[in-house]
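Heads up: the protein sequence lines correspond to chains A and B, in order.
In terms of the numbering used here, the first sequence is residues 1 to 334.
In terms of the numbering used here, the second sequence is residues 1 to 410.
Bear in mind the hints are in silico, worked out from the structure with no lab data behind them.
Remember, it's a predicted structure, so these values are computed and weren't measured experimentally.
Check before you lean on any hint, since a few could be wrong.
Claimed, not checked - Straight-line distance between alpha carbons at most 25 Å, and here's what the computed SDA-like set of lysine to any residue pairs gives:
hint, chain 1, residue 1, chain 2, residue 2
1, B, K96, A, D275
2, A, K324, B, L108
3, A, K205, B, L83
4, A, K259, B, V48
5, A, K324, B, L124
6, A, K259, B, G69
7, A, K259, B, N47
8, A, K324, B, V126
9, A, K15, B, E107
10, B, K96, A, S288
11, A, K324, B, S121
12, A, K15, B, A100
13, A, K36, A, I59
14, B, K96, A, V20
15, A, K259, B, R52
Residue strings, one per chain:
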Amino acid sequence: MAIDLGTANTLVYVKGRGIVLNEPSVVAIANVRGKKQVLAVGDEAKLMLGRTPGNIQAIRPLRDGVIADFEVAEEMIKHFIRKVHNRRSFASPQVIICVPSGSTAVERRAIQESAEAAGARRVFLIEEPMAAAIGAGLPVTEPTGSMVVDIGGGTTEVAVLSLGGIVYSRSVRVGGDKMDEAIIGYIRRNHNLLVGEGSAERIKKEIGSACPPEDGEGRVMEIKGRDLMNGVPKELIISERQIAESLAEPVSQIIEAVKVALEHTAPELAADIVDKGIVLTGGGALLSNLDFVLRHATGLPVSIADDPLSCVALGTGRALEEMKTLRNVLISMY
Amino acid sequence: MTERRDRYRDMIDAGRAAEPQAPRQTVGDILRMRREELGYDLTGVANVLRIRRAYLEAIEDGRYGDLPGQAYILGFLRSYADLLGIDSGDLLNRFKDETAGHVRPAELYLPIPVSENRVPSGALMVAAVVLAAVLYGGWYLYSSADRSALDLVPKLPERLAHLTGSGDTSSPPPANVLPAPAVQALLNQAQPTAPEVGAAPDATAPMPDAMPGPVPVAPAGSPAAAPAATGAPTPTGTPATGPATATPAPAGKTVPAATQPTAPVTSEAPDDEAPQMPDLGQPKSAAADTDAAPADTGMRPDTTAPGTAPVATKGRVFGQTGPARVVVRATDESWIQVRDAKGTLWASRVLHPGDSFRAPDVPGLSLETGNAGGVVISLDGKDLPALGAKGQVVRSYPLQPDDLQARVTH
Chain A
1 MAIDLGTANT LVYVKGRGIV LNEPSVVAIA NVRGKKQVLA VGDEAKLMLG
51 RTPGNIQAIR PLRDGVIADF EVAEEMIKHF IRKVHNRRSF ASPQVIICVP
101 SGSTAVERRA IQESAEAAGA RRVFLIEEPM AAAIGAGLPV TEPTGSMVVD
151 IGGGTTEVAV LSLGGIVYSR SVRVGGDKMD EAIIGYIRRN HNLLVGEGSA
201 ERIKKEIGSA CPPEDGEGRV MEIKGRDLMN GVPKELIISE RQIAESLAEP
251 VSQIIEAVKV ALEHTAPELA ADIVDKGIVL TGGGALLSNL DFVLRHATGL
301 PVSIADDPLS CVALGTGRAL EEMKTLRNVL ISMY
Chain B
1 MTERRDRYRD MIDAGRAAEP QAPRQTVGDI LRMRREELGY DLTGVANVLR
51 IRRAYLEAIE DGRYGDLPGQ AYILGFLRSY ADLLGIDSGD LLNRFKDETA
101 GHVRPAELYL PIPVSENRVP SGALMVAAVV LAAVLYGGWY LYSSADRSAL
151 DLVPKLPERL AHLTGSGDTS SPPPANVLPA PAVQALLNQA QPTAPEVGAA
201 PDATAPMPDA MPGPVPVAPA GSPAAAPAAT GAPTPTGTPA TGPATATPAP
251 AGKTVPAATQ PTAPVTSEAP DDEAPQMPDL GQPKSAAADT DAAPADTGMR
301 PDTTAPGTAP VATKGRVFGQ TGPARVVVRA TDESWIQVRD AKGTLWASRV
351 LHPGDSFRAP DVPGLSLETG NAGGVVISLD GKDLPALGAK GQVVRSYPLQ
401 PDDLQARVTH
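One chain only, chain A, in its complex shape:
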């Protein structure tokens, strides 16, 4: 079983069956007479996010790509494993979980321990950019440099890979969440309207763009929230240009990370990358015009991977399928 434990979504890949589960990393916990009980996990829990009464908490146990709430994360992993694991086989599953390349040893250990406590037989970790590159189909084991930019919910991983290893990697804690926050902040500042995280995410997906349209306001969208001036619910229309403006900050951070990574790349690898370019994976790659902005900023060919949302899960799954040949890319904290 391969798990892409993402900040926003968790994907589970089962050997021989492919990706069998793709649900938001959200857990709803109910407080029943002082005892905490898991109420819902995944899609169901995500609907509760921001709409819970006092006795229910909808928690996202991962922040910035790492576990922020151990107990809840453990419950979530346990739930997902139970959901996809074949009950008829007695053996507990062997699990590969991906971790951000910039995570500390403590964070990695925490993830490994959580997975073990959740009922995994053996737990291996794989670094996210490696999984993303494998999932995107890059020739990571060849003696040629490949650059992958994985823009996830919590982190953006920029890595140069060659010969089955990470030559250089850089992890910045900017991702989909930061973009949502930027949108919320922008709307609050400029329109005195407070929107929720869910609404901000929807705006990003529908009219989000990395650069403003060449002319005009671009696509427009109705947004609903609470007016900060008089405190009543309000609806207003926001344009692609405005959202692009609000996203300028996180996008520029991603570009900066890519540039820094390129600066640290050895000349031979840089030569390979000039030819083949950068591959974008992760949900952030779906932000329209991000490839254009990156291409403009770096002068390199930028391509978006096929099915960027599941690249990491597919790559982790492939590591599971080809465990023997890819044993070297797996990490165990013990």
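Could you slot chain B onto chain A? The hints should help.
Frame of chain A, contents of chain B only:
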């Protein structure tokens, strides 16, 4: 943009409808047609997309082998299609159909360090285990062969041969040796279940003559066994060998063991036998005890045999049974080894103070000792001068009476 795309799709559909048998348009053809339609220059496209012109040409010509890899081809196609306003999803599906089976996702082979020794580690382990087993086996065989040399048993002395009851009684037994019937009686006594139990009283009849004085008689034991055990007034204690050697007779194989030169089957034997008589009388453990008795007596130091052995008043006596001209006596802990001319080992042991070794009359007998000051050699009862200092190692010291005589006179 969408208008253009629709128009383009119509065009393709029209073309397909018009010429259903015409070869299918390849992805490269679609892209090239569209580019020419828009009037874009390949170099211009390469500049905008930052994709090398050579790669774009390869895409248009369908030479996918010249491109870096499937992941990149997909990315380039998507970028190119987006630039030209073609539906990239459609185009990618078409590309996948076209290249199904030709272009595959990158094979992943991690470089594995070549092991410096060519032998695989598994085979190496097996070889090591086999080698260890062979070495151990060899050592075991070698050491056990050594041990068998130590256990080498000389031929049964003629004097004792008749005691085994093998019929080899041609040589007349010495005067002080128990007559065979007596021994037989002893045996019967030891094993009351034997049918010849009735012989025991007969055997006891001559025995009182041999009894010199008050002897502790085994209380519950047989009357015959006790006299026999104590009927060893002679210094050599040869009669004692009677019970010692006779008792194992039922066991058969232990006879040689009892008569081996290193086993002190002399005067202490009766002492050991006497207390064991009650045991011997018990039918259930008779065989086992008699079996063990000679072995035990061999190891047990003699402490209560006053005056029976003039040479060794105290301590164990090894070597020849019976008087010997040459006796090696230990005054200190000393290791001795005695071999004859053929290299046969006669003794190899540590003598404690008081222990002695009676050298058999064998040609070329020589002594090796680790403590020359701790052994005294006596010839015909007379002590010879010391072999050397304490702790000195002496090798190949002759134990022939003649040689010793020569040395003394010299």
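Cross-check of the supplied hints:
For a cut-off of 25 Å, the pair hint linking B:K96 to A:D275 stands: about 23 Å separates their Cα positions. Using a Cα cut-off of 25 Å, the hinted pair A:K324 and B:L108 holds, with the two alpha carbons roughly 11 Å apart. About 21 Å separates the Cα atoms of A:K205 and B:L83, which keeps this hinted pair within 25 Å; it holds. For the proposed pair A:K259 and B:V48, the alpha carbon gap of about 19 Å is at most 25 Å, so the pair holds.
Proximity of A:K324 to B:L124 is assessed by CA-CA distance (about 22 Å); at most 25 Å being required, the pair is judged to hold. For the proposed pair A:K259 and B:G69, the alpha carbon gap of about 24 Å is at most 25 Å, so the pair holds. The hinted pair formed by A:K259 and B:N47 meets the criterion: a straight-line CA distance of about 20 Å does not exceed 25 Å. A hinted pair counts as satisfied when its Cα atoms are at most 25 Å apart, and A:K324 with B:V126 qualifies at roughly 23 Å.
A distance of roughly 18 Å separates the Cα atoms of A:K15 and B:E107; the hinted pair therefore holds under the 25 Å criterion. For the suggested pair B:K96 and A:S288, the alpha carbons sit about 24 Å apart, so the restraint of at most 25 Å is met. For the given pair, A:K324 sits about 17 Å from B:S121 by alpha-carbon distance, which is consistent with the 25 Å threshold. Distance restraint check for A:K15 and B:A100: the Cα-Cα separation of roughly 23 Å lies within the 25 Å cut-off, and the hinted pair is therefore satisfied.
With a C-alpha separation of about 12 Å, the suggested pair A:K36 and A:I59 falls inside the 25 Å cut-off, and the hint holds. Simply put, B:K96 and A:V20 have alpha-carbon atoms about 23 Å apart, close enough for the 25 Å limit, and the pair holds. Taking the CA atoms of A:K259 and B:R52, the gap is near 20 Å; set against the 25 Å cutoff, the hint holds.
Violated hints for the displayed structure: none, as all numbered hints are satisfied.
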